[in-house]
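S.K.: Chains Z, V, U, X and R supply the protein sequences, listed in that same order. Residue numbering for the first sequence follows the numbering used here, starting at 4 and increasing by one per position. Residue numbering for the second sequence follows the numbering used here, starting at 4 and increasing by one per position. Residue numbering for the third sequence follows the numbering used here, starting at 4 and increasing by one per position. Residue numbering for the fourth sequence follows the numbering used here, starting at 4 and increasing by one per position. Residue numbering for the fifth sequence follows the numbering used here, starting at 4 and increasing by one per position.
Among the hints, erroneous ones may be present.
No copy is singled out in the list; a pair is fine if it fits within one copy or between any two copies.
Said to hold, decoys possible - The calculated DSS-like cross-link candidates involving lysine-lysine, where the alpha carbons are at most 30 Å apart (straight line), are:
id	residue 1	residue 2
1	K225	K185
2	K225	K212
3	K294	K225
4	K224	K212
5	K185	K224
Rather than coming from a laboratory, the hints here were simulated on the basis of the structure.
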Amino acid sequence: MSITPTVKRILDNYESDNPGTKANLARILMQGRLGGTGKLVILPVDQGFEHGPARSFAANPAGYDPHYHYGLAIEAGLSAYAAPLGMLEAAAGTFAGQIPTILKINSSNSLSRLKEDPSQAVTGSVADALRLGCSAIGFTIYPGSDAQFAMMEEIRALAEEAKAVGLAVVIWSYPRGGTLSKAGETAIDICAYAAHMAALLGAHIIKVKPPTDYLELEAAKKVYLEQKIDISTQTKRYEHVVQSCFNGRRIVVFSGGESKDVPALLAEARAIRDGGGNGSIMGRNTFQRPKAEALALLDQLINVYLGKD
Amino acid sequence: MSITPTVKRILDNYESDNPGTKANLARILMQGRLGGTGKLVILPVDQGFEHGPARSFAANPAGYDPHYHYGLAIEAGLSAYAAPLGMLEAAAGTFAGQIPTILKINSSNSLSRLKEDPSQAVTGSVADALRLGCSAIGFTIYPGSDAQFAMMEEIRALAEEAKAVGLAVVIWSYPRGGTLSKAGETAIDICAYAAHMAALLGAHIIKVKPPTDYLELEAAKKVYLEQKIDISTQTKRYEHVVQSCFNGRRIVVFSGGESKDVPALLAEARAIRDGGGNGSIMGRNTFQRPKAEALALLDQLINVYLGKD
Amino acid sequence: MSITPTVKRILDNYESDNPGTKANLARILMQGRLGGTGKLVILPVDQGFEHGPARSFAANPAGYDPHYHYGLAIEAGLSAYAAPLGMLEAAAGTFAGQIPTILKINSSNSLSRLKEDPSQAVTGSVADALRLGCSAIGFTIYPGSDAQFAMMEEIRALAEEAKAVGLAVVIWSYPRGGTLSKAGETAIDICAYAAHMAALLGAHIIKVKPPTDYLELEAAKKVYLEQKIDISTQTKRYEHVVQSCFNGRRIVVFSGGESKDVPALLAEARAIRDGGGNGSIMGRNTFQRPKAEALALLDQLINVYLGKD
Amino acid sequence: MSITPTVKRILDNYESDNPGTKANLARILMQGRLGGTGKLVILPVDQGFEHGPARSFAANPAGYDPHYHYGLAIEAGLSAYAAPLGMLEAAAGTFAGQIPTILKINSSNSLSRLKEDPSQAVTGSVADALRLGCSAIGFTIYPGSDAQFAMMEEIRALAEEAKAVGLAVVIWSYPRGGTLSKAGETAIDICAYAAHMAALLGAHIIKVKPPTDYLELEAAKKVYLEQKIDISTQTKRYEHVVQSCFNGRRIVVFSGGESKDVPALLAEARAIRDGGGNGSIMGRNTFQRPKAEALALLDQLINVYLGKD
Amino acid sequence: MSITPTVKRILDNYESDNPGTKANLARILMQGRLGGTGKLVILPVDQGFEHGPARSFAANPAGYDPHYHYGLAIEAGLSAYAAPLGMLEAAAGTFAGQIPTILKINSSNSLSRLKEDPSQAVTGSVADALRLGCSAIGFTIYPGSDAQFAMMEEIRALAEEAKAVGLAVVIWSYPRGGTLSKAGETAIDICAYAAHMAALLGAHIIKVKPPTDYLELEAAKKVYLEQKIDISTQTKRYEHVVQSCFNGRRIVVFSGGESKDVPALLAEARAIRDGGGNGSIMGRNTFQRPKAEALALLDQLINVYLGKD
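Could you build all of it, start to finish, from the sequences and the hints given here?
M.R.: Shown next as structure tokens:
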């Protein structure tokens, strides 16, 4: 596998990582139809944990089978596939070497009553990621929650271990809990802050939600107004998040959130692209559609990132 | 020991496991009268921990002796025998190699006042399972309880350790605590969710309770109605649970619950069989009966799974 | 040391233990005047921790000196001597090899205000037991207390470690805390349950308090009445506890509790003997008496177990 | 690198440290324009964690890029650069060997609602510091907070590990939480106490805030008055803090706190110098200014410590 | 170094310790003007942690310098010097081999609001003690506090580690918290109990406060009266504490508490001596006085223990 100059430039930003980790980042960045462009689209399937099997897969029952998602990601030419332990165990042998995988290493669920103090269970290990042939581990933090320090300390230890064995680290940074308002969870100041903390924690790839133009913290609001930080458009907001990821030295991708219609999803992707973001991580919007529809959507999405749309 | 094509197909689903673990799954699947059919009946005797000795064994005092249960399981031609540490220690030497055993590695008891926040004590280890010649470890999680994340993290670590040394992992997934209603503990949405989480946690064999047609979570109810998921009959509900276990890629067995009459137990088994479930795990309904009665019941049960009834 | 057929039969019940642990059980069972009979009397001196030095030793000040208790146990021809770390450290060199010792590895004290949630501090280790030449470790659990799961997990780990190095494990199973009534702590259903849980946890020797005919748990009471379990006499109750210890496959001894007069103590011992119990563990009733008196009492007690009284 | 007699005298105070740690202290003390004088100015950039990216870097957007801060510290001739994991990872390769670095190993953030019980997450390790070529680890304690014992135990373990591999230890000692008043956080008795505790914990370099003449604790106030401890001027207060750092045997530096005007900052530095303090650690006052302004300010600051102003 | 018969007799009481630990006990017992007598006077300087630098050292500012205390202890001919990590690190190289040292391995401070549930932070390790050339570790427990079990478990682990590498263990046993009244903290029943628990925990040297004739616990009071335990004089009370330390088989020393006048201190020492106690551990009463005064006081104190006063 030779890499493109664009990918080389991205890898150079990871100047403290060992060749093993760089190789795994390269595998993700060179995979699929976006391979070599510095853009990426990742398929995450951890909704079974978060919402249960029926809410996740009944709309498209093929998704009950872990093999389906590997197939979808490969056929659509995506960059990587992310899922919890059991989902990978049930298909990693069949699809070994066909697409980079990310072991999602912690998960919550809808039965937890700890809504006030959200947290997650660690459900996988670095050793699991290695034996399953993964390129990266994925971990969620909830900045703002009472459990945030404990979660940060968990990923600190897991990330140190992962980097030492040449794996990459993906952090889902989802502000939640504590004093945060519901609107605050996707406020631009909070989203940029969450992305920045993931970068400070040593993430190679950062995943956040699309930010709104709301400002949550008074102290931050003051600065955004004084410094005239432009957050008026989606594109400008993505630019600001990219800037908050070490001025673009770290890969940042955005989740799709709840199901939306296709035009809205594509508009979002165009703004991500124009704002300098690295791509999308999209689950329910794809695997809950019939396969043909999902492939069509992903084709359009990839075309956006290829600059064809 | 040669294995049947049916068992080979099941083992192939465990595509990330090492030959040691596959061999132990094969030992269970090839054991007894159901050996080779892909169906199994397991005898669990952990009620002494849960309810105390008199409530467990006074009805059939032979059961006070750990040797009795080994003998019963072997004589009835069952697939495996599961029990806590002390029960196995007291008989594993005598019956070594005669039936696969599962070390039940955590337990609760009736003296705990933590009804609001149910949990269990870890009372055995992977090293114990190895020295006692077990084929698997068994672990209970209480999805929904405040302790659920801690329990999931315990089994995560124990399962990783078990798989590395070639043991299989059985998860008892019993929703309980938190915001769950009493009816919700066996609601079909919750039962399928609980089975799915056990699969995501990497269980080889999943044990849940027979589901009712109740729906607990509003968000799930909406999907069951919209998607017209048929949960009207026992058979359909078992089908749905099997589907939630990676579309049948994971073995799922159902507990018998409190003592019932024989026709009810056999009807349940027929529904499990017809729904594609792998079998039953039945304790009190067998060892609390006089031995002859228990053997007769187990003979009928096995005949159901053999398709003779 | 050759062992008697009776002791051989007892050792055979420990069919999962290594020769090291069996040898240490044999040392205890072959020691002193009851050596070879399958009966045993143990001297425990952990009251200094539980009640302080004056309440423990002022009645017979010789007891302030750790050498005294070794001497008493040896002179009386007892089976073993149990004490916390410091007590053994201060005399184990002088009396090395003269009597089997049990390192009592956790302790509470009278200053703790955690009456509602009783627990203990772990104050010794398996390594301590080995360097002090002990034959066993001793550990207290409080079934029913909020700390019970933590305590069970402590002894689980310590017992695994002890068995691996050939030590025996003695569990003091004292129901306490949680929803238990004061009378419930010694109720026959609770006492049998506590003994059973110690057996399930893998204890070689189980220590419980003499049970009363009170029944604490409604669910259990129902079974005792329905199944007509005879708990009307001390002897019958001891029989029931022995039965709850894997139908006699585990050694069970009974504590003397608070000071009593000699006839009461001897009557209790006769009932233990007749009920199939293995013996007594008696502290305050011996070391708080002048030595001559204590030796006389122990002589009578041993005679009971020898069947001479 | 040869060292000056002044630096030699300082190193001699670290009489229990190994040559590795002394070498790293020497690297810091011999670096930049203050090299060899025993004075030092450190650039810390952990505000992204504490206040988020916009509040930290929008005033001078060059600061979003981790390379900027290395460049600023080197160009200004500073003694060392301190930052959290991600900030160092993103630039340590490029600037390897050009300036000593301090891995700031724990951090808090503005989203935490634990204002009443402030704490921090550990976000880096000694192994991280080594692989990134750092000379020291930096750690914040909050004396007075409910988390203080836990934080002290964290740095105890990390400091032991760091010293064993030849790293130096910098402790940020910031009294906070518990019964402390807001004014008490910078009271002279508390500041001196905080510095002393950092010294007792084994810090090589101690960082505290500039103290006011307020006295917080009644018991301390009594002693300050009785013993006529002069705390009337900044210089006298710095002298008292230096005295509290083992009578000057430990290096102590002072933070700049919130942005101030240049004359105030220089006056503070003169008082630190005249009071025998070792220097300044100044973040926001430098990197939030345009680079030319920041360099001019740092030039003046260094001139103060060189005795030229 | 040859040892006296008196010291030999004391060492013989430590019959379970390895030669390394005995050698360190011998170093303390053979050091200084009381060397060989079986008596000892120890200088502890941990007040900086407990009360802050000004309250500890302003009365005699020479004490801000860690070298001062080593010098004082050596010049006065004391038996050992005890201090926290930083204090030893700053002077242990200069004074290596001149006086046995005790690393005080946990500490509290005056900023903690946990008055209701007192605890301490562990601030040093056995490895620290070894690299600093110490003869012992020192650890405080608070019997009665809610943290008491945790503290006992900490010293259990640290003591096991210390003994294995030939260090001695000194336990400061200070009843505090929980249900204890203020008067109860120094009540004779509580003091004797605290000393006894330290002995049971395996301490080589026990440090308690001088007991009053108050009795705290009703159950104990009853025994003291019934058994006519004489606690009417200081001497009798010290005798009772010595008896509670395994009838004199463990070294017990008494702290001086808050500053007192010289006659009171000497009277206390005479009572300790006459009651069979092993000596004094005296901090503030010495290092807060001008050096000449401190030396004069220590000379008188030593003369008391030499039987000259």
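S.K.: Evaluate each hint against the coordinates.
M.R.: For each hint, the structure was consulted:
1. K225 to K185: Both: 20 Å inside a copy, 23 Å across copies.
2. K225 to K212: Both. Shortest intra-copy (23 Å) and inter-copy (26 Å) distances satisfy the 30 Å Cα cut-off.
3. K294 to K225: Cα proximity of K294 and K225: across copies only (23 Å, versus 47 Å in one copy).
4. K224 to K212: Both, since 19 Å and 27 Å are each at most 30 Å.
5. K185 to K224: both (17 Å within a copy, 24 Å between copies)
Hint compliance for this structure: every hint is met.
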